[in-house]
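We have chain A; now place chain B onto it with these hints.
Number of protein chains: 2
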Amino acid sequence: MPKQTSAKKNAFYAQSGGVTAVINASACGVIETARKHRDKIGKVYAGRNGIIGALTEDMIDTSKETAAAIAALRHTPGGAFGSARYKLKGLEANRAEYERLIEVFRAHNIGYFFYNGGGDSADTCYKVSQLSKKLKFPVQAIHVPKTVDNDLPITDTCPGFGSVAKYVAVSTREAALDVESMARTSTKAFVLEVMGRHAGWIAAAGGLAGSGREEAPHIILFPEIPFDKKAFLQRVAETVRDREYCVIVVSEGAAWPDGRFLADAGTTDAFGHKQLGGVAQVVAQMINDELGLKYHYAIADYLQRSARHIASSTDVKQAYAVGKAAVELALAGENSVMPAIIRKSDRPYRWKIETAPLSRVANREKKMPRRYITKDGYGITAACRRYLEPLIAGEDYPPYAGGLPKYVRLKNIPVAKKLKSKFVL
Amino acid sequence: MPKQTSAKKNAFYAQSGGVTAVINASACGVIETARKHRDKIGKVYAGRNGIIGALTEDMIDTSKETAAAIAALRHTPGGAFGSARYKLKGLEANRAEYERLIEVFRAHNIGYFFYNGGGDSADTCYKVSQLSKKLKFPVQAIHVPKTVDNDLPITDTCPGFGSVAKYVAVSTREAALDVESMARTSTKAFVLEVMGRHAGWIAAAGGLAGSGREEAPHIILFPEIPFDKKAFLQRVAETVRDREYCVIVVSEGAAWPDGRFLADAGTTDAFGHKQLGGVAQVVAQMINDELGLKYHYAIADYLQRSARHIASSTDVKQAYAVGKAAVELALAGENSVMPAIIRKSDRPYRWKIETAPLSRVANREKKMPRRYITKDGYGITAACRRYLEPLIAGEDYPPYAGGLPKYVRLKNIPVAKKLKSKFVL
Chain A
1 MPKQTSAKKN
11 AFYAQSGGVT
21 AVINASACGV
31 IETARKHRDK
41 IGKVYAGRNG
51 IIGALTEDMI
61 DTSKETAAAI
71 AALRHTPGGA
81 FGSARYKLKG
91 LEANRAEYER
101 LIEVFRAHNI
111 GYFFYNGGGD
121 SADTCYKVSQ
131 LSKKLKFPVQ
141 AIHVPKTVDN
151 DLPITDTCPG
161 FGSVAKYVAV
171 STREAALDVE
181 SMARTSTKAF
191 VLEVMGRHAG
201 WIAAAGGLAG
211 SGREEAPHII
221 LFPEIPFDKK
231 AFLQRVAETV
241 RDREYCVIVV
251 SEGAAWPDGR
261 FLADAGTTDA
271 FGHKQLGGVA
281 QVVAQMINDE
291 LGLKYHYAIA
301 DYLQRSARHI
311 ASSTDVKQAY
321 AVGKAAVELA
331 LAGENSVMPA
341 IIRKSDRPYR
351 WKIETAPLSR
361 VANREKKMPR
371 RYITKDGYGI
381 TAACRRYLEP
391 LIAGEDYPPY
401 AGGLPKYVRL
411 KNIPVAKKLK
421 SKFVL
Chain B
1 MPKQTSAKKN
11 AFYAQSGGVT
21 AVINASACGV
31 IETARKHRDK
41 IGKVYAGRNG
51 IIGALTEDMI
61 DTSKETAAAI
71 AALRHTPGGA
81 FGSARYKLKG
91 LEANRAEYER
101 LIEVFRAHNI
111 GYFFYNGGGD
121 SADTCYKVSQ
131 LSKKLKFPVQ
141 AIHVPKTVDN
151 DLPITDTCPG
161 FGSVAKYVAV
171 STREAALDVE
181 SMARTSTKAF
191 VLEVMGRHAG
201 WIAAAGGLAG
211 SGREEAPHII
221 LFPEIPFDKK
231 AFLQRVAETV
241 RDREYCVIVV
251 SEGAAWPDGR
261 FLADAGTTDA
271 FGHKQLGGVA
281 QVVAQMINDE
291 LGLKYHYAIA
301 DYLQRSARHI
311 ASSTDVKQAY
321 AVGKAAVELA
331 LAGENSVMPA
341 IIRKSDRPYR
351 WKIETAPLSR
361 VANREKKMPR
371 RYITKDGYGI
381 TAACRRYLEP
391 LIAGEDYPPY
401 AGGLPKYVRL
411 KNIPVAKKLK
421 SKFVL
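Chains as they are written, first to last, in the working numbering: chain A, 1 to 425; chain B, 1 to 425.
Treat the hints with caution; some may be incorrect.
One copy or two, either will do: identical chains are not told apart, so a pair holds if it fits within one copy or between any two.
Stated by the list, open to error - Heads up, simulated DSS-like pairs for lysine-lysine below, C-alpha to C-alpha not over 30 Å straight-line:
1) K420 - K367
2) K294 - K89
3) K422 - K344
4) K375 - K229
5) K87 - K418
6) K294 - K411
7) K230 - K87
8) K406 - K317
9) K352 - K317
No lab work stands behind these hints: they were computed from the structure. Keep in mind that this is a model prediction, so the values were computed, not measured.
Just chain A, with the same shape it has in the complex (with noise of 0.2 Å):
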């Protein structure tokens, strides 16, 4: 093995979990930091499809890449490099994929780990955040913070989220105009089917479109309310009778008292999570076999999550700060930590990036608070809006050409590889 002694290290950087609209200002922002300070870090590796890139020493060379191309990952959604859900296990159930992470390390001279992803990224960044200290091997690893469900612990919120909610927001009070438009001849019940596993932070985002009960959306379900047939099918025959028609907003996790998902396609990803998908189908099928009544359903699905087009600029700049705080905490020798965006103020909206260490992030999830519903379980509260509507604010359009976003794709030029040992996955 060649042996590394110089002191400029390169850093390793890999996206991970579900790609958003945002995620690669965060990689912009770690790779145009990092070129700010060529004397302490030498290249920025990008994993191919994540930590499975560093697994089989599938990396690309950020460096072959133009300025202008790096600047355009920040408007460019989906993950440049290539994403995964893949999870380590612990050091003693899989102590060689530790192993192996060091030999590529090694090899290649990384000494900064940035790890782009969600609770369960931050778990992975966390394990390896810990090899300096269980295996002598001296890596910094710092967690760049991204998930559309919201729910890390500390951080206001998550960068990816708060497109996510623009998205969700701009769909709903736009096809709420439509059925409006129609319901006396045609549509009375339309469902908008949202992501949101276990937290209902997209599903509430739905409620920025109208300004309360009177406005479309006039219900929302939501994984933190167990559903209740009879009090749903009720309030649903109430707004059509008062208003005409209904406009409803559910979470893909809203589920059966029980705990069951409305909407359970019965396959499993590699995390073991359930794959959903579908519950708008259910809930509308419920409606029209019940009380009679024309639906329609639409299912976001990942339109939702990388709807750049649509970005909240406050998302994008969270996004690239992240990713450049990241850099700024390697380079003043921090260790197992992740930039977390602090909120100052709500109006106006105000924030900084404030440093949390992993060991309070990994494996906690940060669930809607109850007071965020209304007590009827079907809306957000005060509180939930002025929590909420910061996140959405502004525009951040991309560059178009004949009447489509110009986004970029990278030229991905590999590292060649220094080791002759392969890895099985």
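Chain B only, in chain A's frame:
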């Protein structure tokens, strides 16, 4: 019944059928232009819920709206006065409806009838345009074209279509980046369901997201091409083998060789059309069952046709232009016509408004030419791109406040009823 002798006639305007992101831009064109000709056109009365508003004497006095409110219609989706799916029967089949229309028009001194809709509505407008000949009541009926289905004859395109097309192209491009990022360990096949009951125009627009077979969407399922399950699954498998993922855009009207829709919800709307929905799930499930691939699917539903936030500026301009032209045609003494968009060149896109007789518009459906679909049936040709590209060109963002589009809600003050009789639909 009050006798009306004024030479200055009022106008009736109504929205019909499914609304769009830009139908209100046409309303704006009609009302603003009429306001410029107060010497000839009195007030513009809008039917509440389309033609139903005329039959039930439930009209809105648009003269009570400020110029700013009318101007804001240009950037507000949905139907500001309410639309309806309600088709007049033939004069012989339901003479009472026509006599009622005349009764209402006479009571309110209405001499102009502007009907803003698609194919079925053109038929209604055509029937109304025959009133002067057949029932000796002088009314000029002008059809204002609108339909996301893009299936009206003569006109180059139908206002409403360009914005849906843009939404679908943008969303496909964005979602494809998401799927590509995650394909190694997650979703391999992504299906986006779009509107288009009998014609694949909207599905075709998804093809603009990529530049050819190498890029997403890899497969488009058109209503025009009978679904071949075996060939389709083989294409999906090949695409996933070669590119790791496969993006599919499917029209709600995709059908088996025997004509049955892939998804048939079993219900029908007021026009007797089958209500469709859920084909994405059918296709996705098929991929999972037969190929064992992880899938996701999105159903854009009303989101696609209400997405004013990403409207095509070409579409907005054309929607306004046909509204304006309709009033000008009326002032020129025309009856039984529709302003049609005539393409003069592709690149640069140049177009003008010409006059089409309704007899040549009503009940004629413009199909997508076979030459717009690639030989294999799964993509769009260069000719199709040349046709579609200008229609999605340009962005026309609505104003925003607090992170959300500022859409206008009109006062919609009713016109005082003059008739004692009620009309039961």
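Hints, verified against the model:
1. K420 - K367: neither (46 Å within a copy, 59 Å between copies)
2. K294 - K89: Between copies only: 23 Å across, 49 Å inside.
3. K422 - K344: neither (49 Å within a copy, 61 Å between copies)
4. K375 - K229: within (17 Å within a copy, 50 Å between copies)
5. K87 - K418: within (25 Å within a copy, 72 Å between copies)
6. K294 - K411: between (49 Å within a copy, 28 Å between copies)
7. K230 - K87: neither (40 Å within a copy, 36 Å between copies)
8. K406 - K317: Both, since 19 Å and 23 Å are each at most 30 Å.
9. K352 - K317: Answer is within: at 11 Å inside a copy they meet the 30 Å cutoff, but 43 Å across does not.
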